[in-house]
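Using the hints provided, position chains B and C with the ligands relative to the given structure of chain A.
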Amino acid sequence: MSKLLLQVENLTMHYGTRGGDVRAVDNVSFTLAEGDSLGLVGESGCGKTSIAKTLLRLLPDNAKIIGGHVWMGDTDLLALPENEMRKFRWSRISMIFQAAMNSLNPVYTVGEQIIEALELHMGVMDNTQARARVAELFDLVGLDPTFMDRYPHEFSGGMRQRAVIAMTLSCNPDLIIADEPTTALDVIVQDRVLRKLEEVQAKLGMSMIYISHDIAVIAEVSNRIGVMYAGQLVELADSVEIFERPLHPYTFALMKSFPSIKGQRQILQPLEGEPPNLITPPSGCRFHPRCPRATQICVDEVPEFKDYGNSHFAACFHPLEEGDY
Amino acid sequence: MSVEQTDQNVGVGAETYGGVRTEQLWRVRLKLLWNSLRSSWAIFSENPIGMIGLVIIFIFGLMALSHPILMATVWDAATYDPIVGFDYTIDSHPSAPSAAHLLGTDPIGRDVLSQLLYSTSSEFGLGIVAALVTVTIGTSIGAVAAFYGGVIDSVLMRLADLVIMIPSLPLLIVLGAFFELNLLMLAFVIGILSGFGGVTVIIKSQALTIKVKPFIEAARVAGGSDFHIIFTHIVPNLLPLAFLYMMFTVTTAIFSEAVLSFFGLMNIRMSWGIMINLAQSEGYLLRGFEFWWLLFPASIAITLLCAAFYLVGRALDEVVNPRLRKR
Amino acid sequence: MAEAIQQDVKARVHRDKPLVEVSGLKKYFPVSSGIFSRASSFVHAVDDLNFTIMPGQSLGLVGESGCGKTTTGKLLVRLHEPTAGSILMQTEDGDMEDIAHHKGTALRQFRRRTQMIFQDPYESLNPRRTIFDTVAEPLTVQGIGTLTERQERVAALLNECGLTPPEQFMYRFPHELSGGQRQRVAIARALIIDPMFIVADEPTSMLDVSIRIGVMQLMSNLAERFGVSYLYITHDLAVARYMTDQIGVMYLGKMVERADTEELLSNPLHPYTQALLAATPVPDPRLSRDFINIKGGISKPVDPPPRCRFYARCPIADEFCRDNPHPPLEDKGGGHYVACYKVGVAGA
Ligand SMILES: Nc1ncnc2c1ncn2[C@@H]1O[C@H](COP(=O)(O)OP(=O)(O)OP(=O)(O)O)[C@@H](O)[C@H]1O
Ligand SMILES: Nc1ncnc2c1ncn2[C@@H]1O[C@H](COP(=O)(O)OP(=O)(O)OP(=O)(O)O)[C@@H](O)[C@H]1O
Ligand code: SF4
Ligand SMILES: [Mg+2]
Ligand SMILES: [Mg+2]
Numbered sequence: 001m002s003k004l005l006l007q008v009e010n011l012t013m014h015y016g017t018r019g020g021d022v023r024a025v026d027n028v029s030f031t032l033a034e035g036d037s038l039g040l041v042g043e044s045g046c047g048k049t050s051i052a053k054t055l056l057r058l059l060p061d062n063a064k065i066i067g068g069h070v071w072m073g074d075t076d077l078l079a080l081p082e083n084e085m086r087k088f089r090w091s092r093i094s095m096i097f098q099a100a101m102n103s104l105n106p107v108y109t110v111g112e113q114i115i116e117a118l119e120l121h122m123g124v125m126d127n128t129q130a131r132a133r134v135a136e137l138f139d140l141v142g143l144d145p146t147f148m149d150r151y152p153h154e155f156s157g158g159m160r161q162r163a164v165i166a167m168t169l170s171c172n173p174d175l176i177i178a179d180e181p182t183t184a185l186d187v188i189v190q191d192r193v194l195r196k197l198e199e200v201q202a203k204l205g206m207s208m209i210y211i212s213h214d215i216a217v218i219a220e221v222s223n224r225i226g227v228m229y230a231g232q233l234v235e236l237a238d239s240v241e242i243f244e245r246p247l248h249p250y251t252f253a254l255m256k257s258f259p260s261i262k263g264q265r266q267i268l269q270p271l272e273g274e275p276p277n278l279i280t281p282p283s284g285c286r287f288h289p290r291c292p293r294a295t296q297i298c299v300d301e302v303p304e305f306k307d308y309g310n311s312h313f314a315a316c317f318h319p320l321e322e323g324d325y
Numbered sequence: 001m002s003v004e005q006t007d008q009n010v011g012v013g014a015e016t017y018g019g020v021r022t023e024q025l026w027r028v029r030l031k032l033l034w035n036s037l038r039s040s041w042a043i044f045s046e047n048p049i050g051m052i053g054l055v056i057i058f059i060f061g062l063m064a065l066s067h068p069i070l071m072a073t074v075w076d077a078a079t080y081d082p083i084v085g086f087d088y089t090i091d092s093h094p095s096a097p098s099a100a101h102l103l104g105t106d107p108i109g110r111d112v113l114s115q116l117l118y119s120t121s122s123e124f125g126l127g128i129v130a131a132l133v134t135v136t137i138g139t140s141i142g143a144v145a146a147f148y149g150g151v152i153d154s155v156l157m158r159l160a161d162l163v164i165m166i167p168s169l170p171l172l173i174v175l176g177a178f179f180e181l182n183l184l185m186l187a188f189v190i191g192i193l194s195g196f197g198g199v200t201v202i203i204k205s206q207a208l209t210i211k212v213k214p215f216i217e218a219a220r221v222a223g224g225s226d227f228h229i230i231f232t233h234i235v236p237n238l239l240p241l242a243f244l245y246m247m248f249t250v251t252t253a254i255f256s257e258a259v260l261s262f263f264g265l266m267n268i269r270m271s272w273g274i275m276i277n278l279a280q281s282e283g284y285l286l287r288g289f290e291f292w293w294l295l296f297p298a299s300i301a302i303t304l305l306c307a308a309f310y311l312v313g314r315a316l317d318e319v320v321n322p323r324l325r326k327r
Numbered sequence: 001m002a003e004a005i006q007q008d009v010k011a012r013v014h015r016d017k018p019l020v021e022v023s024g025l026k027k028y029f030p031v032s033s034g035i036f037s038r039a040s041s042f043v044h045a046v047d048d049l050n051f052t053i054m055p056g057q058s059l060g061l062v063g064e065s066g067c068g069k070t071t072t073g074k075l076l077v078r079l080h081e082p083t084a085g086s087i088l089m090q091t092e093d094g095d096m097e098d099i100a101h102h103k104g105t106a107l108r109q110f111r112r113r114t115q116m117i118f119q120d121p122y123e124s125l126n127p128r129r130t131i132f133d134t135v136a137e138p139l140t141v142q143g144i145g146t147l148t149e150r151q152e153r154v155a156a157l158l159n160e161c162g163l164t165p166p167e168q169f170m171y172r173f174p175h176e177l178s179g180g181q182r183q184r185v186a187i188a189r190a191l192i193i194d195p196m197f198i199v200a201d202e203p204t205s206m207l208d209v210s211i212r213i214g215v216m217q218l219m220s221n222l223a224e225r226f227g228v229s230y231l232y233i234t235h236d237l238a239v240a241r242y243m244t245d246q247i248g249v250m251y252l253g254k255m256v257e258r259a260d261t262e263e264l265l266s267n268p269l270h271p272y273t274q275a276l277l278a279a280t281p282v283p284d285p286r287l288s289r290d291f292i293n294i295k296g297g298i299s300k301p302v303d304p305p306p307r308c309r310f311y312a313r314c315p316i317a318d319e320f321c322r323d324n325p326h327p328p329l330e331d332k333g334g335g336h337y338v339a340c341y342k343v344g345v346a347g348a
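Chains as they are written, first to last, in the numbering used here: chain A, 1 to 325; chain B, 1 to 327; chain C, 1 to 348.
Check before you lean on any hint, since a few could be wrong.
Derived DSSO-like pairs: lysine-lysine, alpha-carbon spacing no greater than 30 Å straight-line [to be verified]:
#1 K262(A) - K295(C)
#2 K103(C) - K211(B)
#3 K300(C) - K342(C)
#4 K211(B) - K26(C)
#5 K196(A) - K295(C)
#6 K342(C) - K262(A)
#7 K211(B) - K300(C)
#8 K203(A) - K295(C)
#9 K211(B) - K74(C)
Don't read these hints as lab results, they were simulated from the structure.
Just so it is clear, the structure is predicted and the values come from calculations on it, not from any experiment.
Chain A with its partners taken away, still in its complex shape (with noise of 0.2 Å):
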């Protein structure tokens, strides 16, 4: 096994409203090692943004962190002072956010841009030196370096995402968090910035954590994945282990539900009910309204998430078995 960058234990982050506490991020707990891409998986709301910006402590006024650490070596992010923790990011850990591509300012050109961000957490550079990595950068990510004299509305979307990207690489960092990097691309762009992203991944050696809602995407890029449910992780195991042996129903019902081009056309198979409302989730295990497996044990107490061996983790009273493929 190779060594571990970050260990997540038992993160729990509350949005403080008018309502009451959005539980986003209910008692979380992972680890990632070096040169992993891990998939973060789950539906809209259930807390995979929220996982990330806590991690880099990127958080909203009336987020409150209710507990957990994140270890990065021995390094606890949650304690360092903020301006520690602001040589982190980027350095250490940089995050490619929603929709990032169009957070770009349409009056600087791209590289000025990537150059600005290089300054600011490497210091003053000379212009030369500087353009010379936003070449290398560009060429890492597959961008003509010639083209980092345009303006962003002169790119693509496709081109702009690798430019966010290619922002994001700046600094070298040791993991790169990218939180839906193509969900507004098609198809075939989609495909070529995924690839561009693995390839990087690869030849740098950095660790990924990749977000989405899309078990397909999840699927094509991270070797391990994690299942999100309500704010809570679920399911975690290798990607291949997770297709051939889901344990948590959830995720069963997850890549029931999802359609495939390849392969027999199966009958898919819908999950019923609707997300829970994290103010008021239900009791015991979250899922337990949709679940078809739930007992009163799983209304009545709230189940461990625990290893299966072969390091696959699941929160499940009932795990699947052999028989319930």
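Frame of chain A, contents of chains B and C with the ligands only:
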């Protein structure tokens, strides 16, 4: 309501659908209206500014109601009539406030308090008629211009620009000089001027954002006519905004009336503006604070009522535009 | 009961005649360069489409953003008027009627037979109207049935669309429903007038994964039960696989390939379809995909050059493609239509 009651008209399969109990629609609608009023009220009532405005308006409402009651009970008509009353027991008018005349009398011997209370209801009437005219014109023209676009839109909008450019107070003064304006006419003129001017432009821009919503296309696919789309889909979505501008129009109307009356350009017998006008024309305004009761009651009433509608308008803004709400 | 309805539908529609027959369909949008200048160039949003849809069959339209899928859908429900071409639709009496330039009463009559479901469940329902008003709208504006009948019919259809018990939903407002529930309301609205043909424009793309399948299934069940055909617009081939009998692939306003769904997915012939299939992620890490590298990104079809629309990105193009007009959509065997000079006829 049962299975037998279905009709061929409804189309295929209707008979399978029987047995569903349905409530009387008008009762349901009333209940829904009530609910929406209640929830709007919940937001509104959290806003202290709006509540202050509402309390002031309420007090003025009580004042308006109190005049006929006082006239019928404690006040003797010959002495206290706001227009033809005269107190013979007092030697010289205007007389300072006393137990008999809480706010004194005016230069021709009439009770100031009675005038003040009497005028309240006409100020309300003026404001409300002007506001209704504004909203009717603003929403229908705004919606039509936005919906049809093209030539209709250009013509209507150029007209609106014209109305915006004409300074309305000088125009009213000119109108007042040529025609004898009464309150109803004034209400209509103000309603048309503010409705066809700024309010139309604002409402049209809102209508433009509604016009491109898919539910408009859905209504078209359903077979809805232009009339149906404008009046059941676009206009109802404009009403909250229109309601907001109603409040501001009331303020404009009351204020304009005061100015016109002050210049003696209104053909009405009593109003707050007339009260000040009389004090001015008889030369009492130049005498400083000595005859304060001739000036202050009416001018404070004008200021307060204008301010109250304005405050309510501001608070309604938060109900109408949820984005303005703090979290 | 369900059978009785089906009988009725069968009686209505001539099964052996097409329900929709589109030929030479074009829609050009003017691109105005200034306020006062006349439009000098045009977006060829839909350019010479030809296809037929048989009763009870559904056609999927797939392709990248901006290729003209929505425009095609809106032409078929006459939210747009075509620049050229004809749209023949089967009427109640089994005649074929060209609705391309219908107006007034004829258009309203046509609206009884065709409906549309929109992409965005948050924007396609009027926030100030109750669910009952929204669903009953086609009946109300066309003056069908009495109030009580409309109420019963709406309740029954909501029930059928999984909004149970219907009394609990009828008098709510859209903001009180979730995205999936709203889309069910939109489906009920489309079905209430008992149409023969429904254009569904990405009806599930904004829904959560766990809810999407429920809505898709509802749509296919109802299609079967009420004998409706869909023009199902989607950018997701995997969704099209589950919802359609045939798929048409569009590229910059042109249809470049059309075939039965499974045939198209297992044997894509046009280089663009091949690239599209290769780029579609598969929800299974054990299956690998090919990688087809096609150049550049999509552009707007503003006054496109007269050659094959795909030429600039095509990995197999040659001089012939450059020097000839856009290739015609031809049957390459077994009803598999392809518009490409480099694809031979099967068996030839
Ligand atoms: N600033 C905030 N204040 C209050 N609640 C919030 C805030 N931000 C997010 N939430 C709530 O927290 C929950 C989790 O949100 P989050 O954005 O993490 O979800 P997500 O999984 O990233 O969803 P998506 O796929 O839609 O991006 C949601 O229920 C959301 O409504
Ligand atoms: N009303 C309009 N006026 C001008 N151009 C338009 C109009 N509607 C669409 N277009 C243009 O026509 C082309 C096709 O648009 P259309 O909306 O049909 O694409 P689409 O395939 O539905 O794309 P998406 O997947 O993004 O919905 C685009 O280039 C678009 O910009
Ligand atoms: S016709 Fe030529 S350019 Fe067009 S798709 Fe076929 S090979 Fe490519
Ligand atoms: Mg998110
Ligand atoms: Mg579209």
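Quick rundown of the hints versus the structure:
no., hint, in the structure
1, K262(A) - K295(C), "25 Å, holds"
2, K103(C) - K211(B), "21 Å, holds"
3, K300(C) - K342(C), "24 Å, holds"
4, K211(B) - K26(C), "25 Å, holds"
5, K196(A) - K295(C), "15 Å, holds"
6, K342(C) - K262(A), "26 Å, holds"
7, K211(B) - K300(C), "25 Å, holds"
8, K203(A) - K295(C), "24 Å, holds"
9, K211(B) - K74(C), "16 Å, holds"
In terms of the numbered hints stated before, the structure departs from none.
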